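By the working numbering, the letter at position 68 of the sequence shown is numbered 76, and the numbering carries on one by one without gaps.
It should be emphasised that the hints constitute simulated quantities derived from the structure, not laboratory data.
Keep in mind the model is a prediction, meaning the values are calculated, not measured.
Quick reminder that beta carbons are idealized off the backbone N, C-alpha and C, glycines included.
A couple of the hints might just be wrong.
As the list claims (entries may be wrong) - Here are the in silico distance ranges between beta carbons for each label pair:
1) Arg39 - Ala83: 45 to 55 Å
2) Ile31 - Asn90: 16 to 26 Å
3) Lys97 - Thr67: 37 to 47 Å
4) Trp58 - Pro98: 18 to 28 Å
5) Lys97 - Arg39: 20 to 30 Å
6) Arg39 - Ser91: 22 to 32 Å
7) Tyr102 - Tyr28: 25 to 35 Å
8) Ser57 - Lys97: 14 to 24 Å
9) Leu16 - Pro98: 29 to 39 Å
10) Tyr28 - Lys97: 37 to 47 Å
11) Gly99 - Thr62: 14 to 24 Å
12) Leu16 - Ser91: 44 to 54 Å
13) Pro98 - Asp34: 42 to 52 Å
14) Leu16 - Ser57: 28 to 38 Å
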Amino acid sequence: MAANNKELKLANGKVAPQFYDEIIDDYIIARGSNGAPYYREQGSIAMESWEGSTNITQTFTSDRYGFSVINDGTADLTFTINSQTRKVKPGEAYSALFEPFTSVVITTSSDYRAEVLR
Numbered sequence: 009m010a011a012n013n014k015e016l017k018l019a020n021g022k023v024a025p026q027f028y029d030e031i032i033d034d035y036i037i038a039r040g041s042n043g044a045p046y047y048r049e050q051g052s053i054a055m056e057s058w059e060g061s062t063n064i065t066q067t068f069t070s071d072r073y074g075f076s077v078i079n080d081g082t083a084d085l086t087f088t089i090n091s092q093t094r095k096v097k098p099g100e101a102y103s104a105l106f107e108p109f110t111s112v113v114i115t116t117s118s119d120y121r122a123e124v125l126r
């Protein structure tokens with residue numbers, strides 16, 4: 009039985025290995041390549057990216073797992089994900105995977121570039 013109102017996919021009349029993708033709201037058959045099983049690492053698919061130079065709370069419609077930021081400015085930048093705060097000095101970059109999150113708070117007066125991963 010499906011965990012939502014979508015039909016499970018069939019292959020040769022049987023339920024195929026699959027996963028639910030909340031972005032497209034459907035099941036996707038899990039196909040590996042060259043005989044290998046299918047595997048999709050969380051935090052490996054690029055999603056939203058943005059630039060800024062002021063404080064912002066960025067919110068996402070589904071879970072994200074990875075975050076990257078480059079501080080292009082001359083002042084410190086801090087960001088908070090899941091109550092964890094990190095500081096990024098001018099000229100530095102930061103990239104890491106986190107427990108699932110749906111928002112990131114950036115506090116800065118410096119130019120930066122950011123991206124999240126699912």
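Hint by hint, here is what the structure shows:
1. Arg39 - Ala83: 45 to 55 Å: Holds: the Cβ-Cβ distance is about 47 Å, inside 45 to 55 Å.
2. Ile31 - Asn90: 16 to 26 Å: Since the Cβ atoms of Ile31 and Asn90 sit about 21 Å apart, the hinted range of 16 to 26 Å holds.
3. Lys97 - Thr67: 37 to 47 Å: 26 Å, violated
4. Trp58 - Pro98: 18 to 28 Å: 19 Å, holds
5. Lys97 - Arg39: 20 to 30 Å: 43 Å, violated
6. Arg39 - Ser91: 22 to 32 Å: 38 Å, violated
7. Tyr102 - Tyr28: 25 to 35 Å: 31 Å Cβ-Cβ, so the 25 to 35 Å window holds.
8. Ser57 - Lys97: 14 to 24 Å: This hint holds: roughly 21 Å between Cβ atoms.
9. Leu16 - Pro98: 29 to 39 Å: 51 Å, violated
10. Tyr28 - Lys97: 37 to 47 Å: 40 Å, holds
11. Gly99 - Thr62: 14 to 24 Å: Distance hint for Gly99, Thr62 holds at roughly 19 Å.
12. Leu16 - Ser91: 44 to 54 Å: For Ser91 against Leu16, whose Cβ atoms are near 37 Å apart, the range 44 to 54 Å is violated.
13. Pro98 - Asp34: 42 to 52 Å: 44 Å, holds
14. Leu16 - Ser57: 28 to 38 Å: For Leu16 and Ser57 the Cβ distance comes to about 33 Å; the hint holds.
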